[in-house]
Amino acid sequence: LIVTYATYLFGDVWLSMWIAATRGADADAAAEADAGELVGHHHDDADVDARVERTARAGGGAALLEAPEGLDGAGMVGVYLGAAAAHLTSVLATAVCFTLMGVRASRSLHRTTIRRVLYAPLWWYDATPSGRTLSRFTSDSATIDIQLNQQLDGFVQMAMMGLVLVCTIVAAANMLAIVAAIAIFLF
Numbered sequence: 001l002i003v004t005y006a007t008y009l010f011g012d013v014w015l016s017m018w019i020a021a022t023r024g025a026d027a028d029a030a031a032e033a034d035a036g037e038l039v040g041h042h043h044d045d046a047d048v049d050a051r052v053e054r055t056a057r058a059g060g061g062a063a064l065l066e067a068p069e070g071l072d073g074a075g076m077v078g079v080y081l082g083a084a085a086a087h088l089t090s091v092l093a094t095a096v097c098f099t100l101m102g103v104r105a106s107r108s109l110h111r112t113t114i115r116r117v118l119y120a121p122l123w124w125y126d127a128t129p130s131g132r133t134l135s136r137f138t139s140d141s142a143t144i145d146i147q148l149n150q151q152l153d154g155f156v157q158m159a160m161m162g163l164v165l166v167c168t169i170v171a172a173a174n175m176l177a178i179v180a181a182i183a184i185f186l187f
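Letter 141 of the sequence shown, counting from 1, is numbered 141 in this note's numbering, and no numbers are missing.
Be aware that a few hints might be false.
Pair by pair, the computed Cβ-Cβ distance ranges are [stated by the list, open to error]:
1. L148 to G73: 45 to 51 Å
2. T133 to T89: 40 to 46 Å
3. S139 to R115: 18 to 24 Å
Hint data in this document are derived by calculation from the structure and do not stem from the laboratory.
Ideal placement from N, C-alpha and C gives every residue a C-beta, glycine not left out.
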């Protein structure tokens, strides 16, 4: 489960780095074009340098980390696809694990219920209607088997998604980390 959301978070961070690197390259190209445009006119070097710096700053995005050097567009896509494949694999593995845990819990519950019914005293059979007993083995067991597993899975998935969201926000804006810490402390 942790690997699932770690790969999800890595994919988001990688996408952020990719976008920032693309914006940085676009800003560098625009700055060079502006510098070439300015060189043809009679401006001094200070004007050219100031305009190039402003153009580069305006085009840069805020990435969580810097993109690695030497990766072209295909390399960036390959890393992102690898992260997506790892996330998909870990989501499927998590679903299989939750299903197997649900089946194991269901078997345990069914065995316990059967054992209790088979070893019940005779007066219990006289006092309990057979429809109620059958109901416990059919619809009630099915409800517990299906709904309990789905609700537990949904709760854990939402809790982990919230944790990843908080981690992303904290990594992106350190000021929000202080606000989040105060909010967690107060509540």
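Hint check:
Checked against the hint of 45 to 51 Å, the C-beta distance between L148 and G73 comes to roughly 47 Å, which is consistent with it. T133 and T89 have their C-beta atoms about 44 Å apart, which keeps the hinted 40 to 46 Å range intact. Between S139 and R115 the C-beta distance comes to about 20 Å, which sits within the given range of 18 to 24 Å.
Hint compliance for this structure: every hint is met.
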